[in-house]
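All chains, please: the whole structure from these sequences, using the hints.
Residues 16 to 434 in my numbering are what the sequence shown lists, from first letter to last.
Honestly, the hints are just simulated from the structure, not real lab data. Remember, it's a predicted structure, so these values are computed and weren't measured experimentally. Treat the hints with care, as some may be off.
Derived DSS-like pairs: lysine-lysine, alpha-carbon spacing no greater than 25 Å straight-line [said to hold, decoys possible]:
(1) K257 <-> K240
(2) K399 <-> K410
(3) K363 <-> K420
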Amino acid sequence: MNADGSAPGAASPTAQAPEPAPPPAPEPVPEPEPFEPDAIEPAERPAPEPVAAVAAEPKQPKRHRRPVDPTARKTMTALLKKARESGASDLHMSCGAKPFFRLHGQIQFLNMQPITPKQGELYAAALVSDEEWSLFRERNDWDGSIDLGSLGRFRANLLRQRRGISAVYRVINNKIPTLAELGLPESFERFTTFHQGLVLVTGAAGSGKSSTLAALIELVNQNRKDHIITMEDPIEYVFEGKQCNVTQRQIDVHTLSWGNALRAALREDPDVIMIGEMRDLDTVQLAITAAETGHLVYGTLHTTSATRTIDRLLDVFPPGEQSQIRAMVSESLKGIISQMLVPTPDGKGRNCAYEVLVWTPAVANLIREGTTYKLTSVLQTGKKLGMVMMDESLKRLVQEGKLSKEYARTVATNPKLFN
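What follows is the structure in structure tokens.
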């Protein structure tokens with residue numbers, strides 16, 4: 016007898032590859048009752064992968080096919096449509112909680128059941144590609160933008176949390192806003208007339224920095240004949256060339272990192288460079304270099320005042336380099352716009368309050384000498400030069416009936432102004 020129990024000399028049975036099991040049908044997701052979404056073509060389920068040949072090629076990185084559920088896609092489209100129509104800034108699909116909007120800065124839960132772990136996965140996968148889903152599965156985080164045709168564009172963030180897979184969607188305006196539509200003065204147009212230097216738009220997350228930058232870039236696009244390169248994560252507003260050529264690059268899609276994109280941009284004959292986030296030493300250093308070498312550079316920081324913005328720029332550098340960097344910033348900085356969104360008295364809208372610092376020889380001297388704490392005095396006396404203090408902007412909104420005194424006190428540098 017052979018070891019396998021067959022008679023000596025008997026032929027061994029030929030090994031057959033098992034047939035692939037069909038993928039399990041996903042659990043149906045109930046459609047939310049409040050909405051009547053437009054009809055959507057159901058996505059086709061991908062065919063099973065073929066059985067690998069005996070002499071297989073070296074394995075490629077594993078690709079994760081997203082779970083496809085037409086009902087989940089229909090639900091997500093309905094919710095995003097409702098978010099845009101209601102004026103919400105964000106839609107949250109948080110596993111374990113009811114879906115909710117952020118409306119005028121406040122969260123508003125929807126009349127739906129809490130999201131189960133299975134639903135959370137199907138909702139998160141509903142609007143992304145297999146490649147994007149694979150990136151999420153590998154990293155447990157994914158940022159990007161999605162385009163739903165006539166429904167518009169949305170910024171998306173997928174994440175894994177304790178209760179399951181969740182997602183947050185930011186509503187992107189279909190139209191690039193003007194300064195007037197953002198409640199910003201015409202004097203801001205001065206920041207589009209420079210041919211070199213650094214212009215910073217700063218504020219907390221959700222303060223409208225991207226919209227302000229888009230309005231400035233579109234003014235350049237309409238009025239100059241330049242090459243504009245933007246670096247974003249993700250691309251939000253889509254620019255169509257007017258007088259300018261606009262090259263838009265998304266981090267992790269069109270380039271590996273902020274630093275790589277900025278180094279490459281300096282070799283791509285740009286006139287104007289827009290950096291969506293100046294988040295590390297490498298990016299800040301390259302941005303300052305670009306501004307010094309004949310480019311107009313726009314960037315953002317998560318700071319809430321002009322003084323803090325300059326300190327943050329300098330603090331990313333080692334102490335031994337700060338003297339040189341102060342000198343470079345003092346010459347290249349053209350202006351800072353720091354902004355915040357504040358609620359209207361009835362809570363049904365928000366307005367932009369802002370602080371503006373404009374380059375002057377006095378500002379340059381204070382930066383060079385490391386005495387940025389004295390910039391407050393420059394802001395107070397620089398009104399004729401276009402400078403504005405945040406408290407002055409808040410006071411104007413109160414006087415115009417666009418902001419309550421009570422709220423102004425909570426965010427003002429000097430709350431006594433609003434007694």
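Each hint tested on the structure:
Simply put, K257 and K240 have alpha-carbon atoms about 9 Å apart, close enough for the 25 Å limit, and the pair holds. For the hint pairing K399 with K410, the CA-to-CA distance comes to about 18 Å; that is within 25 Å, so the pair holds. Simply put, K363 and K420 have alpha-carbon atoms about 17 Å apart, close enough for the 25 Å limit, and the pair holds.
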